[in-house]
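S.K.: Protein chains in written order, with the working numbering: chain A, 10 to 110; chain B, 338 to 441.
It should be emphasised that the hints constitute simulated quantities derived from the structure, not laboratory data. Ideal Cβ positions, reconstructed from N, Cα and C, are used throughout, including at glycine. Keep in mind that a hint or two might mislead.
Residues from chain B that face chain A, not an exhaustive set, calculated with beta carbons under 10 Å [said to hold, decoys possible]:
id, residue
1, I343
2, L348
3, A392
Heads up, simulated SDA-like pairs for lysine to any residue below, C-alpha to C-alpha not over 20 Å straight-line [to be verified]:
id, chain 1, residue 1, chain 2, residue 2
4, B, K342, A, C25
5, B, K422, B, W411
6, B, K368, B, D379
7, B, K422, A, G65
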Amino acid sequence: MTMAPKFKQGDPVQVCERDVTYHRRTPSYVQGRRGHIERFCGAFANPELLAQGRDGLPLINLYRVRFEQAELWTTAEVDADDDSVDVEIYEHWLRQCDEPF
Amino acid sequence: MSIAKIGPHDLGGDDAGKVSPLSRDLQWWEKRIDALYRLLADDRRMILKVDELRAAIEALGDDVYARHDYYERWTLALRNLLVAKQVLDEAEIETRIAALKQNR
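Only chain A is shown next, with the shape it has when bound in the complex:
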């Protein structure tokens, strides 16, 4: 039993900021950052629960989210305007962006 995907390809999303210490697959460098859904990857057992020895259910939708480099890094060495980073992020870490960017 899985939930229908909340986002579709192209949807603008923002990664939630959570100062949590448990195992999670969402790296800190994307938290709070905005990107868009590159694709829906399917539904998978929740790694945050699996890491605690639990069954990881219910399954959680997973997306590949594309971020522009400039959205992630402020350092001077980022000069590639047309470059991006894709990170696979579970649905419970994503929220809809109200405005396009």
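Please build the complex by placing chain B on the supplied structure of chain A, with the hints as guidance.
M.R.: Then chain B, alone, in the frame of chain A:
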């Protein structure tokens, strides 16, 4: 970066320096540790999951993480996990290590 890193594995955005890929063959004990994990996690035993191994590696702490390489971290994390799950206890592990050292 508004969110603090949660562990030594959370590297994105750090200065990487020069990256040197592993260019040696795996040592015998590294293959054994890999095999040991696979046996513990297989469908028949299901003693642990890869996510638990990852969490245990991340929980080693900055200092231990930095001082050990890839399969050394696996080894330390597996030890901690097996003790936490009461598959082995510390005394049992230490006794076995001492015996192996003596027979060397």
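S.K.: Any hints this thing doesn't respect? Which numbers, in order?
M.R.: Of the numbered hints given earlier, the structure breaks none, since each of them holds.
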